[in-house]
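Engineer: Could you build all of it, start to finish, from the sequences and the hints given here?
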Amino acid sequence: MVVMVLSALLIGYFIVSVRSSGGLGSVQGFECGLDRFVHKGFYVSMRFFMISLLFLLMDLELVLMVFSPIIIFDELVSVMKFSLLMWVFVLGTVWEWWIGSIDWSL
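With mature numbering (1 follows the signal peptide of the UniProt record, and there is no 0) applied, the sequence shown covers -20 to -1, 1 to 86.
FYI, nobody ran anything at the bench for these hints, they're computed from the structure. Mixed in with the good hints there might be a few duds.
List of simulated lysine to any residue pairs, SDA-like, C-alpha gap at most 25 Å [claimed, not checked]:
| # | residue 1 | residue 2 |
| --- | --- | --- |
| 1 | K61 | W75 |
| 2 | K61 | L40 |
| 3 | K61 | L71 |
| 4 | K61 | F28 |
| 5 | K61 | G80 |
| 6 | K61 | M45 |
| 7 | K61 | L36 |
| 8 | K61 | V74 |
| 9 | K61 | T73 |
| 10 | K61 | E41 |
Structural biologist: Okay, here's the thing in structure tokens:
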């Protein structure tokens, strides 16, 4: 209980000190070499966003491929649904590669 209270106080102190010092600009890391997308003062690296979104989709595809034999390969309809889903993932990846979203070089 004491650890939770101390943690809450420490987090509260950090939030108050960051707001009083002028924002998170001095606390955040510097993104060198990445293009930024500016929207109302909030900076988001579109390259990082696309790579993380692609990683999440690939991760979901991998999890589905690993656990699919355990879950759904007992009916033909389930196998067809799974195959359709895998084709959507593969074609989406190929399309992103073709339009240039997947460019790993800096």
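Engineer: With reference to the structure, classify each hint as holding or not holding.
Structural biologist: Tested hints:
1. Between the alpha carbons of K61 and W75 the distance comes to roughly 21 Å, so the proposed pair stays at or under 25 Å and holds.
2. For a cut-off of 25 Å, the pair hint linking K61 to L40 stands: about 16 Å separates their Cα positions.
3. Taken as a hint, the K61 and L71 pair is honoured in the structure, with Cα atoms around 15 Å apart against an allowance of 25 Å.
4. A C-alpha spacing of about 31 Å is found between K61 and F28, which places the hinted pair above 25 Å, so the restraint is violated.
5. The straight-line distance between the Cα atoms of K61 and G80 is roughly 29 Å, outside the 25 Å bound, and the hint therefore fails.
6. Only pairs whose Cα atoms come within 25 Å are accepted, and K61 paired with M45 is accepted, the gap being roughly 13 Å.
7. Restraint check for K61 and L36: the C-alpha separation of about 21 Å stays at or below 25 Å, so the hint holds.
8. Pair hint K61 plus V74 holds up; C-alpha atoms about 20 Å apart against a cutoff of 25 Å.
9. For the hint linking K61 to T73, the alpha-carbon distance of about 19 Å falls within 25 Å, and the restraint holds.
10. At most 25 Å may separate the alpha-carbon atoms for a hinted pair to count; K61 and E41 meet this at roughly 14 Å.
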